[in-house]
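Input sequences plus hints: build the corresponding full structure.
Residue numbers 1 to 362, in this note's numbering, belong to the letters of the sequence shown in order.
Everything labelled a hint here was simulated from the structure, so no lab data went into it.
There's no promise every hint is true.
[Claimed, not checked] Derived EDC-like pairs (lysine to aspartate or glutamate); straight-line CA-CA distance at most 20 Å: (1) K229 <-> D250; (2) K229 <-> D259; (3) K249 <-> D264; (4) K47 <-> E65; (5) K47 <-> E83; (6) K329 <-> D150; (7) K128 <-> D184; (8) K225 <-> D259; (9) K85 <-> D50; (10) K229 <-> D264; (11) K249 <-> D50; (12) K85 <-> D259; (13) K249 <-> D63; (14) K225 <-> E185; (15) K85 <-> D32; (16) K249 <-> D49; (17) K85 <-> E65; (18) K249 <-> D32; (19) K249 <-> D259; (20) K47 <-> D250; (21) K85 <-> D302; (22) K47 <-> D72; (23) K229 <-> D184; (24) K85 <-> D72; (25) K47 <-> D32; (26) K229 <-> E185; (27) K85 <-> D250.
[Said to hold, decoys possible] Computed beta-carbon distance windows for the label pairs: (28) H4 <-> D250: 51 to 59 Å; (29) N186 <-> G136: 26 to 34 Å; (30) W109 <-> K249: 31 to 39 Å; (31) T267 <-> P91: 47 to 55 Å.
Keep in mind it's a predicted model, so treat the numbers as computed, not measured.
Just so you know, even glycine gets a beta-carbon here, dropped at the ideal spot from N, CA and C.
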Amino acid sequence: MPEHFTGRRNLIFLATFLLCIPALFTGFMGDDYLHYALLNADLPIAKPDDLSLFGLFSFINGDPERNRLLMDYSLIPWWTYSELKYAFWRPLSELSHWLDYQLWPNQPWLMHLHNIVWYMGALVLIAKLYQRFQPGEGAALLALFLYALDSSHGFTISWISNRNALLALLFGLLTLYFHCRWRDENRSILLLCALSSQLMALFSAELGISVFGYIGAYALFMDRKGPVKGVLAAIPYFVVIVIWWVIYKDAGFGAAHADAYYVDPATQPTAFVVAAIERLPVLLASQWGLIPADLYTLTPGDKQAYSVLCGLFLLFVLVPVCALLRRNKTTLFWLCGMVFSILPALAASPYDRLLLFPGIGA
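Take a look at the structure:
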């Protein structure tokens with residue numbers, strides 16, 4: 001790696017870290033308080049009987065009695081539907097929070113620093129991938145700069161409870177990195193590392209599925225052995241996702257009676273397709289524009305009209321990009337990877353914190 005590239009890359013890392021420093025002083029917010037109570041045994045509510053380690057992401061498990069108890073302790077609003085269910089299986093993320101409370105239980109600034117460390121680790125991998133795929137060092141550095149300092153990542157980094165997305169990002173990037181090396185070097189150990197990394201991404205958050213979008217795009221456009229062999233090489237990752245998903249659903253994880261925020265594609269396929277059509281332009285417009293996707297949730301009245309406006313904006317922005325597609329396979333890879341990776345996020349209401357994976361290809 002040339003010295004001047006390394007130096008400029010490190011300057012980007014330093015600038016990113018400095019811009020993240022204010023997050024150290026934001027303290028707890030939202031679910032952070034619940035995690036504090038659960039991991040300090042201050043909350044007289046038993047852990048849900050599921051595969052989670054501490055119940056940090058499955059505390060609203062759809063049990064009416066439990067939900068009423070959560071209302072009594074003001075952990076969910078009193079008007080919450082009694083069978084509401086937000087139950088997610090994220091054991092690796094739970095372990096990371098448990099570690100916080102073992103090492104520095106009353107120091108939220110160190111928990112925020114823990115988040116930043118994961119983000120910085122992800123940036124190191126992104127730099128490697130950009131250098132691998134971009135035609136020149138200048139393009140790779142510019143892409144890294146735009147991703148590292150993307151304002152849509154700010155809330156994700158500064159919210160302790162959202163660390164699961166950062167873990168999923170880092171392990172997802174490791175998956176793609178090892179997959180690319182496996183396809184080039186044909187060493188079985190690299191495939192094993194890639195599959196292990198993917199499993200870690202899935203154990204971090206459901207968002208870990210998103211890396212398969214880039215695996216698929218790589219198979220179609222960048223695999224040196226051709227798209228057919230590339231697609232066949234992607235099958236092991238698909239198998240891992242299916243096995244994880246079967247265990248996930250069989251253990252009772254997922255969302256229910258929460259259509260405004262989460263639509264479960266397994267139990268509500270039609271509703272998911274309808275929601276996806278509406279949410280896709282909102283997320284893409286946020287990625288390519290300046291209006292945060294969070295406004296969709298806050299918009300009163302006709303959300304469909306907001307989605308249509310986002311779609312029109314995308315037509316204007318993406319026309320120049322489309323002109324590059326025929327001439328540049330790398331552009332096609334990044335664009336398709338971006339779109340494919342955003343599909344799992346469409347199960348949730350649009351928020352900028354869902355753009356960690358799509359932003360890589362944008």
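Hint check:
no., hint, in the structure
1, K229 <-> D250, "33 Å, violated"
2, K229 <-> D259, "39 Å, violated"
3, K249 <-> D264, "10 Å, holds"
4, K47 <-> E65, "13 Å, holds"
5, K47 <-> E83, "17 Å, holds"
6, K329 <-> D150, "25 Å, violated"
7, K128 <-> D184, "15 Å, holds"
8, K225 <-> D259, "43 Å, violated"
9, K85 <-> D50, "13 Å, holds"
10, K229 <-> D264, "32 Å, violated"
11, K249 <-> D50, "11 Å, holds"
12, K85 <-> D259, "11 Å, holds"
13, K249 <-> D63, "16 Å, holds"
14, K225 <-> E185, "12 Å, holds"
15, K85 <-> D32, "19 Å, holds"
16, K249 <-> D49, "14 Å, holds"
17, K85 <-> E65, "12 Å, holds"
18, K249 <-> D32, "26 Å, violated"
19, K249 <-> D259, "18 Å, holds"
20, K47 <-> D250, "19 Å, holds"
21, K85 <-> D302, "26 Å, violated"
22, K47 <-> D72, "16 Å, holds"
23, K229 <-> D184, "13 Å, holds"
24, K85 <-> D72, "17 Å, holds"
25, K47 <-> D32, "16 Å, holds"
26, K229 <-> E185, "15 Å, holds"
27, K85 <-> D250, "15 Å, holds"
28, H4 <-> D250: 51 to 59 Å, "53 Å, holds"
29, N186 <-> G136: 26 to 34 Å, "28 Å, holds"
30, W109 <-> K249: 31 to 39 Å, "38 Å, holds"
31, T267 <-> P91: 47 to 55 Å, "23 Å, violated"
Violated hints, listed in ascending order, are 1, 2, 6, 8, 10, 18, 21, 31; each of the other numbered hints is respected by the structure.
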